[in-house]
Structures are given as structure tokens and as C-alpha cells.
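Kindly produce the complete structure, drawing on both the sequences and the hints.
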Amino acid sequence: MAYQYSGTGQQSVAELQRLTTFVGDPLFRHADALSFSHTREVKNIDAYLQDKSNPFREEYGWQRSSVKIRLPNEGTKWPSETDAPELEIPGVHHRSIIDIIESVFTDDASISFNMIPYREYWQCSPDRAIEVFSEAYSSPEMLEMYDEINALPREAGDEYERSIASLMFWSDVTHLANFGDASLWPFYLYFGNQTKYVRGKPTASACHHVAYIPTLPDDFQDQYMKFFGEPSSSEVYTYCKRELMQAIWALLLDDKFMHAYVHGIVIKCSDGITRRIFPRFFTYSADYPEKVILSGIKNLGQCPCPRCLTKKTEIPLMGSKRDMKRRIRCMRKDDQKHHREVEDAWKLIFQLGVPVDGSRVKKILNDESLVPTRNSFSEKLCPHGFNRFRMFVVDELHEFELGVWKAILTHLFRILHAAGGHAIQKLNERYRDTPSFGRGTIRKFNTNASAMKRLAARDFEDLLQVRSVHAFLISFLMIDSVHSLSLRTYFPKITIPWFWTSYSTWRLGTHLQNYASIPRTP
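In the numbering used here, the protein residues as written are 20 to 541.
Treat the hints as calculated values from the structure; they're not laboratory data. In this text the structure is predicted, and so the values were computed from the model without any measurement. Keep in mind that the hints are not guaranteed to be accurate.
[Stated by the list, open to error] Simulated pairs of lysine to aspartate or glutamate, DMTMM-like, Cα-Cα distance not exceeding 20 Å:
| no. | residue 1 | residue 2 |
| --- | --- | --- |
| 1 | K399 | E360 |
| 2 | K331 | D386 |
| 3 | K330 | E387 |
| 4 | K344 | E360 |
| 5 | K317 | D191 |
| 6 | K287 | E174 |
| 7 | K317 | D354 |
| 8 | K352 | D290 |
| 9 | K317 | D363 |
| 10 | K215 | D127 |
| 11 | K344 | E333 |
| 12 | K287 | E387 |
| 13 | K260 | E309 |
| 14 | K331 | E387 |
| 15 | K260 | D354 |
| 16 | K463 | E448 |
| 17 | K425 | E150 |
| 18 | K245 | E107 |
[As the list claims (entries may be wrong)] Ranges between beta-carbon positions, derived for each pair:
| no. | residue 1 | residue 2 | range |
| --- | --- | --- | --- |
| 19 | K220 | D44 | 18 to 24 Å |
| 20 | D237 | D386 | 35 to 41 Å |
| 21 | T466 | E180 | 51 to 57 Å |
| 22 | V423 | Y256 | 28 to 34 Å |
| 23 | I130 | S31 | 44 to 50 Å |
| 24 | C226 | E139 | 23 to 29 Å |
| 25 | L162 | G372 | 48 to 54 Å |
The beta-carbon is built from N, C-alpha and C at its ideal position, and this holds for glycine as well.
Listed below in C-alpha cells is the structure:
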């Protein structure tokens with residue numbers, strides 16, 4: 020009552036009642052009121068509302084967190100790894116994966132989502148139907164996941180329809196400037212429930228940014244020296260980069276996500292039907308350096324593939340029947356043997372002070388080209404039957420257009436330079452004379468192709484598709500066949516053997532060996 024009858028005298032009974040309700044709220048803290056300044060708080064609100072340039076605002080679901088990694092040192096021993104010093108790395112901007120799922124499945128855009136996977140067939144004749152693969156939700160993997168979640172036991176009263184949130188992740192470091200080292204490292208997410216014809220449209224807003232992650236700080240060596248009195252070796256630095264990636268994924272795979280992964284989340288979808296949605300990792304696409312960090316294998320090690328245990332010496336047999344059988348028989352498994360080996364390596368590094376690349380560590384891990392890093396996907400998801408190695412799919416852009424084809428094209432230019440005469444000038448002239456085709460399908464070549472200046476992946480794809488320039492070479496190697504088959508949007512099952520028969524991969528592998536034997540110029 021003293022408050023109502025003091026001051027300006029304009030406080031009404033309703034205002035007094037509202038004040039008592041506010042003060043009595045459980046969220047109200049008396050300590051906050053002691054240091055309250057109206058002028059200061061108004062300035063803070065104005066500054067927040069005016070900061071339109073910041074894309075990581077809280078109302079958009081963004082959080083700013085930090086992660087910690089353990090630092091090893093050769094010759095330094097601890098009772099356990101928990102006693103080793105920690106390096107805190109701030110600046111991880113991220114969103115909750117579950118919040119994204121809930122937002123997307125309640126949005127109008129999800130009306131076209133496919134909630135029940137199915138098999139698709141082409142009725143090529145009255146008495147014959149051929150299975151075709153076109154979308155993520157008509158793939159055998161999606162059907163397998165759907166059967167798995169429906170086989171899970173139901174709680175009492177749970178009558179909701181069950182469905183999958185098919186998570187398709189991408190990540191890639193992006194340079195932001197022509198000069199300097201400004202860059203971003205985004206994680207972004209698509210949903211396999213949505214048709215790829217919509218996902219591929221920039222106007223569909225089908226891409227959802229999950230995180231922007233930092234690299235090791237510039238003062239990493241300074242902080243390392245504070246702990247150990249000496250800078251880290253290059254092997255320790257690489258080890259810490261792997262640990263940082265796994266720490267960030269441990270942050271993203273939080274308790275909220277794990278509860279949804281095991282029990283599902285109940286969402287009233289945009290079509291008005293309430294479903295229990297189970298998030299499942301369907302694919303993860305990245306370039307090779309990121310794949311080896313994410314999968315926990317050595318970069319170009321004895322077994323360089325993140326999906327199988329094919330050895331380097333066996334790669335030239337690519338496409339042969341023996342090679343294809345080996346890739347299926349020797350697929351990587353995220354099993355208890357793998358976990359024990361990583362744990363044993365950790366004990367050697369932290370409890371016995373063995374170097375991270377020491378002979379004792381290599382003896383444990385080298386057979387499968389593993390690294391002494393605990394994998395967040397294994398720790399979180401393996402107990403529920405998830406094999407992380409299966410989600411790393413072939414990345415056509417990085418592994419073929421910027422990989423195999425770029426290497427072949429570079430070698431072709433070396434051959435023409437070594438041949439002398441006007442061969443390389445003639446090739447450049449033919450490329451420049453090639454007209455454009457379609458709306459950006461084939462762009463005009465305005466510079467010399469042999470210079471290979473500032474070419475993007477689409478430029479290397481164009482250099483491959485203009486067959487008239489080097490038709491014999493491309494046809495001989497079957498590069499165009501492999502490329503066109505891998506980019507098909509509608510894939511009848513009968514065409515799968517073409518990848519490893521004489522029509523495609525086997526012939527490409529055989530002739531690449533002959534092509535690689537052509538001497539290079541110094």
C-alpha cells in the first residue's frame with residue numbers, strides 16, 4: 020500500500036496487483052532488482068534490437084558455447100586422462116538439432132514430406148517390374164530404418180504413428196575472401212523426407228544451418244607451452260584437430276537429441292497428424308580430409324577408405340569382381356574390438372606418456388588405419404546399433420570432379436606440354452571456341468583451360484562434358500560413362516552392375532593404370 024500511495028500517485032489498483040503477481044513469480048530473483056538500472060537496461064535492449072547484422076541471434080535458436088579437449092605430451096604421465104590439462108576452445112555457434120526437426124515438421128513446407136518409405140518399381144512390360152532408386156525415402160536403407168523404429172517396444176498408451184526424420188548432413192570449410200585466410204566452417208542439414216527436386220532449389224529454403232565451428236586458436240602453441248614448457252609436435256596438433264571435431268559433435272549430440280533418438284519426439288505435423296518422430300542419420304557428405312576426421316581414420320593411411328578396409332595396394336584393382344566382393348566383405352564395423360583398440364591407445368598416450376604416433380600406438384591401430392581418438396558417433400549412437408562408417412557416402416563433387424577427373428586432366432595437360440609443338444595451344448583454342456549451352460549448363464570458356472586458374476568444381480565438370488575437344492581420350496577411359504551414371508536421378512536396379520562391369524568402373528580402373536604409366540614431365 021505504501022508503494023501505491025507514494026511517488027506520482029498514479030498507480031492504480033490493477034497496476035499494484037500486477038506488480039505483486041510479477042514479484043511473486045518463481046522466476047523473479049530479488050538479487051537482480053538490487054542492481055537494476057532503467058537507463059542501462061533500455062540501452063541494452065536498444066543495442067540488441069539494432070544488431071540486425073548478427074545472424075546468430077538467440078531468437079533464431081542459436082547458442083554460443085565452448086568445448087574442451089585433453090592435451091597429451093610425450094613423456095608426461097597422468098593417473099588417468101581426466102587428470103591431463105584441458106584446452107577450452109570458445110566460439111562454437113550452434114543450434115539444437117531437435118529444435119530444427121520440430122520447427123521443420125510443423126512448418127507448411129513439410130506437407131510434401133514423405134513420412135512412410137516405400138519401394139518404387141518401373142512396369143517396363145505387363146509381366147515385368149524393375150525396382151528403381153530415385154529418392155532417399157524409396158531406398159532400402161530408409162526402409163530398413165523404418166522397420167527398425169516400428170519394431171521398438173511401445174510404452175503404455177503410445178498409439179502414435181511412427182516416422183523417421185532422415186538427417187542428411189554436409190560440412191565443408193568455406194573461404195570468404197580472395198586474399199587472407201578468412202573462412203567459415205558450417206554444418207548444414209537437409210531432410211531425406213523431402214524430394215531432391217525441392218531440396219536442390221535455393222528458393223525452397225530446404226537447407227538448415229546447424230553449426231559454425233572454430234578451428235584451433237592461433238595461440239594454441241602458446242597455451243600448450245604454458246602447460247608443458249615446449250611447443251607441440253605436428254602430430255599432437257593434428258590429434259587436437261581431431262579431438263576438436265569430436266568434441267563439437269558431442270556437443271550437438273546432447274541429451275535432448277539422444278532421448279529423441281531412443282524414444283522419439285511427439286510432433287503434431289503440418290498435415291494435422293500427430294506422429295512420433297525418430298531422428299536418424301541417413302548420410303554425411305564431406306570432402307576426404309573431413310571424412311577421415313569424422314570417421315576416425317588416418318589420412319591416406321594403409322586403409323584409406325572410410326567405408327571399407329581396402330588397402331592402398333589393392334586400389335588398382337578397382338571395379339574388378341574381386342575388388343567389389345572385397346569392398347562388401349571388408350566393410351568397416353564400429354564394434355567392440357574397435358572401441359577396445361582406441362581405449363588401449365588412449366591409456367598408452369595419457370597414462371604412459373607414449374607419443375600419439377608412437378610405435379606402440381601404431382601397433383594397435385595401424386591394421387585398420389585408425390587414430391587414437393574417441394569418436395562421438397560411436398560413444399553416443401553405437402550402443403543403439405548405429406555404424407558410423409555407413410553414413411559417409413561418395414561425394415561426387417570432391418571425390419570425382421575435384422578428385423579423379425582433375426588429376427587426369429592435369430596429367431593430360433602435362434602430356435601435351437611434353438609433346439611440344441602447338442598441341443596445348445590447339446586444345447585451349449578448341450575450348451575457347453566452344454559455345455555455351457543452356458542456362459548455365461555449359462558456360463563459355465573465356466580463359467585458357469590449361470592454365471586451370473581459379474576453377475570451381477562446375478568448371479571441371481564442364482571441361483569433362485565438352486567431349487569434342489578430347490573425345491577419343493574420354494571415351495577410351497570411360498570417364499564420361501562413370502560420371503553420367505553416378506549423376507543419374509532415376510536409377511533402375513538393372514543398371515547397378517554397370518558400375519563394375521566392362522561398361523564402366525572396371526574398364527575405367529584398367530585404363531587408368533595404363534594412363535598413369537605415361538611418363539610425367541619434371
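Taking the hints in turn, this is what the structure says about them:
1. Note on K399 and E360: the hinted pairing holds, with a Cα-Cα distance of about 18 Å set against a maximum of 20 Å.
2. For the given pair, K331 sits about 12 Å from D386 by alpha-carbon distance, which is consistent with the 20 Å threshold.
3. Among the hinted pairs, K330 with E387 is consistent with the structure: their alpha-carbon atoms are about 9 Å apart, no more than 20 Å.
4. Distance check on the hinted pair: K344 and E360 sit about 26 Å apart at the alpha-carbon level, beyond 20 Å; violated.
5. As the CA atoms of K317 and D191 are separated by approximately 19 Å, the hinted pair is consistent with the 20 Å bound.
6. Of the supplied pair hints, the one linking K287 and E174 holds, its CA atoms being roughly 19 Å apart against a limit of 20 Å.
7. Straight-line distance between C-alpha atoms of K317 and D354 comes to about 18 Å, which keeps the hinted pair within the 20 Å bound.
8. Using a Cα cut-off of 20 Å, the hinted pair K352 and D290 is violated, with the two alpha carbons roughly 39 Å apart.
9. This hinted pair checks out: K317 and D363 have alpha carbons roughly 17 Å apart, not beyond 20 Å.
10. Between K215 and D127, the direct Cα distance comes to roughly 17 Å. Compliance with the 20 Å bound is thereby established for this hinted pair.
11. For the given pair, K344 sits about 12 Å from E333 by alpha-carbon distance, which is consistent with the 20 Å threshold.
12. For the given pair, K287 sits about 45 Å from E387 by alpha-carbon distance, which is inconsistent with the 20 Å threshold.
13. With a CA separation close to 11 Å, the supplied pair K260 and E309 stays within the 20 Å bound.
14. A distance of roughly 12 Å separates the Cα atoms of K331 and E387; the hinted pair therefore holds under the 20 Å criterion.
15. Taking the CA atoms of K260 and D354, the gap is near 24 Å; set against the 20 Å cutoff, the hint is violated.
16. Annotation: proposed proximity of K463 to E448 holds, straight-line Cα distance about 12 Å (limit 20 Å).
17. Distance hint between K425 and E150 is unfulfilled; the C-alpha atoms sit about 34 Å from each other, more than 20 Å.
18. Between K245 and E107, the direct Cα distance comes to roughly 14 Å. Compliance with the 20 Å bound is thereby established for this hinted pair.
19. K220 and D44 have their C-beta atoms about 46 Å apart, which leaves the hinted 18 to 24 Å range violated.
20. Between D237 and D386 the beta carbon distance is about 37 Å. The supplied range of 35 to 41 Å therefore holds.
21. Range check, T466 to E180: about 56 Å between beta-carbon atoms, so the 51 to 57 Å window is met.
22. At roughly 30 Å, the beta-carbon separation of V423 and Y256 lies within the given 28 to 34 Å, and the hint holds.
23. Restraint check, I130 to S31: a C-beta distance of roughly 48 Å satisfies the suggested window 44 to 50 Å.
24. The supplied range of 23 to 29 Å is met by C226 and E139, whose beta-carbon atoms lie about 25 Å from each other.
25. Checked against the given bound of 48 to 54 Å, the beta carbons of L162 and G372, roughly 50 Å apart, stay inside it.
Of the hints listed earlier, those the structure fails to meet are numbers 4, 8, 12, 15, 17, 19, in rising order.
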